[in-house]
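Model the full assembly from the supplied sequences, consistent with the hints where possible.
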Amino acid sequence: DLISAFVHCHSNYFVIRTVQADQIIVDQSGVAKLGGLYRGTKKDDRKKDDEDVSANPYAAPEILLGSPKFTMESDIWALGCLLAQLLLSKPLFVGKDRVSLLTAQYKIVGTPSKKNFLEAAKFPYYFKPAKMYKRGVDRALGHMLKNQGETHTKAINLIASMLHLDPSQRCTAAEALGH
1 DLISAFVHCH SNYFVIRTVQ ADQIIVDQSG VAKLGGLYRG TKKDDRKKDD
51 EDVSANPYAA PEILLGSPKF TMESDIWALG CLLAQLLLSK PLFVGKDRVS
101 LLTAQYKIVG TPSKKNFLEA AKFPYYFKPA KMYKRGVDRA LGHMLKNQGE
151 THTKAINLIA SMLHLDPSQR CTAAEALGH
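For the record, in the sequence shown the residue sitting at position 11 is 11 according to the UniProt record's numbering, with numbers rising by one throughout.
Please keep in mind that the hints were generated in silico from the structure rather than gathered at the bench.
Just so it is clear, the structure is predicted and the values come from calculations on it, not from any experiment.
Every residue, glycine too, gets a C-beta built ideally from N, C-alpha and C.
Check the hints yourself; a few may be wrong.
[Claimed, not checked] Dumping the calculated DSS-like pairs for lysine-lysine here, alpha-carbon to alpha-carbon at most 25 Å: (1) Lys90 to Lys154; (2) Lys107 to Lys90; (3) Lys128 to Lys107; (4) Lys134 to Lys146; (5) Lys154 to Lys131; (6) Lys128 to Lys114; (7) Lys122 to Lys96; (8) Lys154 to Lys134; (9) Lys134 to Lys90; (10) Lys134 to Lys114; (11) Lys154 to Lys33; (12) Lys90 to Lys146; (13) Lys122 to Lys69; (14) Lys107 to Lys96; (15) Lys69 to Lys114; (16) Lys96 to Lys134; (17) Lys122 to Lys134; (18) Lys122 to Lys107; (19) Lys128 to Lys115.
[Unchecked claim] Computed Cβ-Cβ distance ranges for the label pairs, DEER-style: (20) Leu37 to Val94: 18 to 28 Å; (21) Asn12 to Lys154: 19 to 29 Å; (22) Gly36 to Ser11: 17 to 27 Å; (23) Lys128 to Gln28: 44 to 54 Å; (24) His179 to Met144: 15 to 25 Å; (25) Gln28 to Lys115: 43 to 53 Å; (26) Lys90 to Lys154: 28 to 38 Å; (27) Gly178 to Ile25: 23 to 33 Å; (28) Gly66 to Val94: 15 to 25 Å; (29) Asp27 to Tyr125: 32 to 42 Å; (30) Lys114 to His8: 34 to 44 Å; (31) Asp27 to Ala121: 37 to 47 Å.
Here it is, written out as structure tokens:
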């Protein structure tokens, strides 16, 4: 249901921008819906992105690094974080500020490099991490969930397809729905 909401928004060129767990509304029949879309914009809208995302556990790396606009790809990152939180019963990435949150992300998705996100160094808040990490989304989620069966394996694969440092490597909402 949540992924369908993203497909609907993105197929209408609507960028959700801010995705958080408290936006999930479950109706009387148990159907999950996405609320709180007041910050959303049309895809190419030049609305100023003045939101403080420095400790938002759903914020995509490019947003934390200072990208000037939210995108459908940053929505997909947030959806991946939200799905991970639903599985784990806690946020996947936690930090008290931009640097600690990015470091938490790097520990699971890898550190920016020429191979996985060359563009990272162009953003205003880019910093060279003290330690280099390799991508390990599947491994980290599998460890946190203690490999609880095929359903979890499919969910982990879906989340891993959403959580890439390079926004161009993330699946689309439509691809996620077909996963």
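Practice task
Hints the structure violates: just list their numbers, smallest first.
Solution key: 5, 26
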